[in-house]
Amino acid sequence: MSGSSKPIIRFEHATFGFPGVIALKEISLAVNSGEFIGVIGPNGSGKTTLCKAVLGLMAPLGGSLRIFDCSCEELRCHHRAKIGYLPQKGVVDRNFPVTVLETVMMGRYGALGLLKRASGKDRQIAVEALAHVRMDGHLDTALGHLSGGQQQRVFIARALAQQPQVLLLDEPTTGLDITTQCNVVELVQHLHEELGLTILLITHDINLIRSRVNRLVLLKTRLHAAGPPEDVLKPDILREVYGKDLVITERDRIVVEDYHHHHH
Amino acid sequence: MLDLLTYEFMQRSLFAAAMVGALCSVTGVFVVLRGLAFVGAGTSHAAFAGVAFGYLVGWPPLPLAIVFGLATVWITGWLEEKGRMKLDASIGILYTTTMALAILFIGLMKTYNAEVYGYLFGSVLSVTSEELRMIAGLSMLVIGAIVLFSKELYFIAFDQEMAEASGVPARRIFFLLLTLVAVTVVVSLKTVGAILVFAMILIPSSTAYQLTHSLSTLTWYSVMIGVSCSVGGVVLSSIWDIPSGPAIVLLATLLFLVAVLYSPKRRRHVLAGS
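From first to last, the protein sequence lines stand for chains F and H.
Going by numbering that gives the first Met the number 0, 146 is the number at position 147 of the first sequence; the sequence numbering is gapless.
Going by numbering that gives the first Met the number 0, 92 is the number at position 93 of the second sequence; the sequence numbering is gapless.
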């Protein structure tokens with residue numbers, strides 16, 4: 000962890016949602032520069048809302064949220080560009096006519112600003128971003144021709160092309176096979192170490208990230224626990240959030256049965 | 000055939016067709032990629048209602064067509080953004096409402112007005128010099144805006160949420176796109192008509208879509224297809240003495256079918272499947 004004195008993102012008793020529907024309640028959390036934070040919690044626990052809040056797309060109903068020391072209203076496009084975002088994996092239209100390089104170049108657009116055309120330097124940044132995810136051999140390949148894991152790496156490269164300080168990943172391993180899941184998380188850890196990126200990784204898969212993160216944040220509308228994994232992953236805390244379906248196996252792996260059927 | 004080109008009206012109509020072909024096919028790229036196909040249809044009927052209103056009250060029809068078209072796309076965009084309604088439902092309502100208005104306005108006219116029907120079916124061969132200047136000016140404006148904001152337009156067509164999150168003013172760009180669609184429709188009313196303009200927006204870019212995996216190549220293919228179908232359609236219509244609008248659209252449809260049959264994308268799928 001690089002010891003920056005001022006947190007990049009600071010929630011103070013922040014509440015999010017729509018009038019009548021509270022998605023996150025009185026969250027207090029400071030994200031420091033260079034941290035690797037895993038955000039976990041059952042479905043409907045407000046993980047995606049947290050994501051939107053960090054992106055500055057949702058102002059708090061109460062309390063405060065400061066991103067790069069700006070309130071949500073003060074947040075400008077060039078601030079947004081400093082947060083690289085990997086959205087939840089949607090179904091990519093196989094036929095959408097876009098090449099790998101064109102996809103990653105889009106990461107430059109927000110940082111460039113309106114009316115400026117991408118230059119050779121932007122292209123170089125995009126190619127370097129692809130090299131970081133080991134996809135620089137596929138510049139002109141159609142995005143739709145890649146496997147799910149490769150597409151995920153391209154989208155991570157798109158986020159890196161923004162030259163962000165923070166990388167925000169919303170369930171990056173959903174819909175991938177086990178080997179690919181590990182590869183993606185290893186890649187994220189590598190980027191954290193290599194580029195000194197602050198990472199916020201939202202996931203269902205506690206076991207996949209527990210040994211890699213500096214801190215875990217456990218959400219269920221409220222922030223139930225935040226701290227080093229060993230402090231958060233305690234049976235009593237987890238049962239409080241996930242209910243009785245939670246099983247901790249002898250090898251210390253955490254299994255939440257049927258969590259996909261839970262609703263908020 | 001060449002002596003046809005010596006007629007001034009023929010030169011005007013070929014020039015108008017080429018410009019409308021280019022304009023519709025460039026705008027069409029973003030309409031098809033962003034999934035706004037139905038918006039084009041809705042806007043053209045709204046614009047036609049504007050034309051009919053203009054003739055009814057004796058005001059210039061094209062500015063009113065722009066007002067009606069813009070009001071429709073902006074209301075549609077606003078409803079979608081507020082999450083009140085899905086785009087296809089709201090455009091469906093506005094589409095039929097504006098068509099009802101158009102029929103009402105025509106019904107209220109004391110006499111039969113052939114010019115109004117000209118805007119419904121288009122008549123590129125009767126384009127006047129003044130109309131040609133208007134088409135040229137507005138086409139330059141729309142294509143200029145698309146060139147200036149092309150990177151943002153591509154991004155929101157691909158993924159608007161991601162564009163917004165990475166610092167592109169995606170909302171404003173989306174409304175810009177809706178505005179450009181409305182202006183494109185109005186510019187094309189006189190040449191291809193309110194009913195067929197929709198085809199000119201959709202078909203060239205959908206044809207190009209069959210042929211490439213690259214966004215920039217798609218745009219160039221779309222323009223080439225749009226311009227050649229428009230010019231080819233006008234030439235065919237004067238040789239065979241058939242209406243120009245249908246000639247342009249049917250030629251474009253023919254090319255689309257050929258592209259679907261011989262699409263390299265399709266071949267790859269067949270290979271992958273075997």
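Heads up, some of the hints might be wrong.
[To be verified] Heads up, simulated DSSO-like pairs for lysine-lysine below, C-alpha to C-alpha not over 27 Å straight-line: (1) F:24 / H:264; (2) F:115 / F:5; (3) H:264 / F:81; (4) F:115 / F:81; (5) F:51 / F:5; (6) H:81 / F:5; (7) H:264 / F:88; (8) F:88 / H:109; (9) F:24 / F:5; (10) F:24 / F:243; (11) F:219 / F:88; (12) F:51 / F:88; (13) F:243 / F:233; (14) F:243 / F:219; (15) F:51 / F:81; (16) F:243 / F:120; (17) F:51 / H:264; (18) F:120 / F:81.
Hints were generated in silico from the structure; no laboratory data involved.
Keep in mind that this is a model prediction, so the values were computed, not measured.
To see whether the hints hold, each was checked on the structure:
1. F:24 / H:264: The hint is violated at about 49 Å.
2. F:115 / F:5: Judged against 27 Å, a Cα distance of about 32 Å means the pair is violated.
3. H:264 / F:81: The given pair, whose Cα atoms are some 37 Å apart, is violated under the 27 Å limit.
4. F:115 / F:81: holds, 18 Å
5. F:51 / F:5: holds, 22 Å
6. H:81 / F:5: Cα-Cα ~36 Å, so violated.
7. H:264 / F:88: holds, 23 Å
8. F:88 / H:109: Violated, at about 59 Å.
9. F:24 / F:5: holds, 24 Å
10. F:24 / F:243: holds, 23 Å
11. F:219 / F:88: holds, 22 Å
12. F:51 / F:88: holds, 15 Å
13. F:243 / F:233: Given that 27 Å is the threshold and the Cα spacing comes to 14 Å, the pair holds.
14. F:243 / F:219: This hinted pair holds, its Cα atoms lying about 15 Å apart.
15. F:51 / F:81: holds, 15 Å
16. F:243 / F:120: Between residue 243 of chain F and residue 120 of chain F the Cα gap is close to 54 Å, so the pair fails against 27 Å, i.e. violated.
17. F:51 / H:264: Measuring from Cα to Cα gives roughly 36 Å; hence the hint is violated.
18. F:120 / F:81: holds, 18 Å
Hints 1, 2, 3, 6, 8, 16, 17, counting from the list given before, are not met by this structure.
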